[in-house]
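Protein chains: 2
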Amino acid sequence: MTTAEVCALAKEASYRLATKTDAEKKAMLIAMANGISDEADAILQANADDLFIANENGKEPSFIERLTLYKSRIRQMVEGIMQVADLPDPVGEVTDKWTLPNGLSISKVRAPLGVIAIIYEARPNVTCDAAALAIKSGNAVILRGSREAINSNLAIFNAMKNALLKGGYDAEVLQFLADPEREATAELLKQSDTVDVVIPRGGEGLKKFVLENSAIPVIASAGGNCHTYVEKTADLKMADNVLFNAKVSRPSVCNATEQLIVDRAIAAPFLSKSLDRLSRQGVRILGCPETCRLYPIAELATEEDFATEHLGLVLSVKVVSGYKEAIERINKYGTHHSDAIISTSNEAIEAFKAGVDSAAVYVNASTRFTDGFEYGFGAEMAISTQKLHARGPLGLKQLTSEKYVVVGDGQVRK
Amino acid sequence: MTTAEVCALAKEASYRLATKTDAEKKAMLIAMANGISDEADAILQANADDLFIANENGKEPSFIERLTLYKSRIRQMVEGIMQVADLPDPVGEVTDKWTLPNGLSISKVRAPLGVIAIIYEARPNVTCDAAALAIKSGNAVILRGSREAINSNLAIFNAMKNALLKGGYDAEVLQFLADPEREATAELLKQSDTVDVVIPRGGEGLKKFVLENSAIPVIASAGGNCHTYVEKTADLKMADNVLFNAKVSRPSVCNATEQLIVDRAIAAPFLSKSLDRLSRQGVRILGCPETCRLYPIAELATEEDFATEHLGLVLSVKVVSGYKEAIERINKYGTHHSDAIISTSNEAIEAFKAGVDSAAVYVNASTRFTDGFEYGFGAEMAISTQKLHARGPLGLKQLTSEKYVVVGDGQVRK
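Listed in order, the protein sequences are those of chains A and B. Note that the working numbering has the first sequence beginning at 906, numbered continuously upward. Note that the working numbering has the second sequence beginning at 906, numbered continuously upward.
Here chain A stands alone, though its shape is the one from the complex (with noise of 0.2 Å):
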């Protein structure tokens, strides 16, 4: 079959599924639930096929660790989509309710998009996990993994495919692209009349070349250079807190903070404790002339390093004026993903709020927080930095669009 044909079938299938129950749908997840249990001796077998080629190619061992299924990691998919299964169904639920003078009752609800693109890198994972949250929010799911976890990925399908089929469900909702070049996705990007928008979830390249390449809305996050600001009025033992929390709980991921910023009049006291801490935990210092002045084990900072998602123990820091001059550089290094004050100055406080431009904004708070499942979505596809849709972790009702449905009894316009 033809990548347009594939996205066709697709489509045709999101229709059908669109007018499920919540029942239907929930018994279709269980389906592909048990399909994965009974077939884990075969995704197992596959995924070793992959990690043979990956050691074969010399790939380094965070790789082969993110490559990698145990079968406590099959039990985790498992139940993943059986958790997935008993959230609430947004489709249906209405968001917003009036009526006109003329007696037209407007309403706004909720409904699936229709078809939703998944475009992944490595973590065999993701193949149940976005088809369990696409299907669940009404939506047709076409999976397109990487060359690397191909076998993997493709046991996976197979056995949640399989499992609808021998339940006498649609089995269409669920598609899967086979041919990992580049070249591919590129003819999938062009299939606009059939798929309705693209998800991007892997590197900055990745990324890139589906933002620059797609003719299908796509939602994307750009990476996490997240800031953590200590504002002169701060409780500083909360601060201290709050930024280790934010940088050494988990350096790799996108919520981790990268950057400091501290004001003036408390940085001398706050730094020197603050960042003794920080480095007695392995966390390189770059730091700002004024910082490197106040904490001379700190390196001197280039300009790229405010810009840099560090991604592991590094920490940026600048001194800074106030708070006008931090919302000003998190603007202009940050990506707009988590940013936290850290103060209790209504002031600077309201300031902040405002005039951060992030998906998340927090206030006397780790930037740890931005996750699906810490919010209580019960479960994530994906955060978002872009404003276009939604902003920040997507869960099923970020995964909806929302109708107007308009009810009259022959009104007509003037």
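No wet-lab data here; the hints were simulated from the structure. Only a predicted model underlies this, so the values are computations on that prediction, with no experimental measurement involved.
Which copy is meant is left open, because identical chains are indistinguishable; a pair holds if it fits in one copy or across any two.
Straight-line Cα separation of at most 27 Å, DSSO-like style, residue types lysine-lysine; simulated pairs:
id, residue 1, residue 2
1, K1002, K1013
2, K976, K1319
3, K1142, K1319
4, K1237, K1066
5, K1013, K1302
6, K1137, K1229
7, K1319, K1178
8, K976, K1066
9, K1302, K1066
10, K1112, K1095
11, K1013, K1237
12, K1113, K1095
13, K1237, K1112
14, K976, K931
15, K1302, K1002
16, K1319, K1302
17, K931, K1229
18, K1095, K1237
19, K1229, K1013
20, K1319, K1002
21, K1071, K931
22, K1302, K1095
23, K1095, K1066
We have chain A already, so just place chain B on it with the hints.
Then chain B, alone, in the frame of chain A:
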């Protein structure tokens, strides 16, 4: 200045505008309206230059009519800005709020999109309509009109910009790209670092070009191949009235009905009466074979006629077996804009509401109501038929994004 420099100026200005109060934005809009009023003569003179060239180039009367400004149209432009000034400010509105078990309070808060670029054809009034809507919703705006209206657009823009400067307001929120070549548009569409959204307003060629070439998220509307479906339980007198209004009240606009679908059970009595009434109004009828048998004045429709937005006094007619066939046809041949069912059957109505994948779904009302003013939004930037962000009329709320504001007292993530 290069396009990139213009966009960067707009981006900087957008951060300043984002934190302005409603009173400040209102004052800016009043200044802009007064500027246009004061410069009415200069605007009419510039318009005369455009009209001279358009006539020299042998443009059609309908084109000339859209391009022409009269004193009354300038008055309408001024009044339009004043109306937008008085609308409620969407920025800062809290659309959702909840508290997590750990005490974190999460609010979803409306924030400006940032920088909106509008690419539009003819109709010089878009210059000030779009500027007013963008600024009222806290967004900087980049205006890029067509070659044919360049003098009119520039005169309107200058009147607004000079009024802002004279009043001591931040005039950088308003930007204009004067180079009307397509290469300049392509250059604009690359500025994803500084422009947050592009809205094309014009013909299908423009929209296709923008969708295929933009690295910036796009809000666009497909045309309106709108359907009215008369189900077998319909009140035929109501159906006749609604259809007549949907087809004839303003046939050249996107929410006019282009397609009639009618159940076989009531086709004979309904078609003979209603098609006669439409024919007498000058509507050309293109029918499926069954329609042509029942109503011999109809011409035989081609497959393409059913997928065509006629934008005039033409109606395609198809007889179907029931609502399932009708819903399938609408999703297949329509443009997902506005589609109506006329029915008294709860079963058919519910199936139609859930199954028709359109921005606006009507029950017993005319498709002509899809409009920001009719919906009570007070104004409209455009109508979207895409699934992401906003479907249907784009009012002030739809020109905002929603960010999460998370307030704590020192919470850290485990």
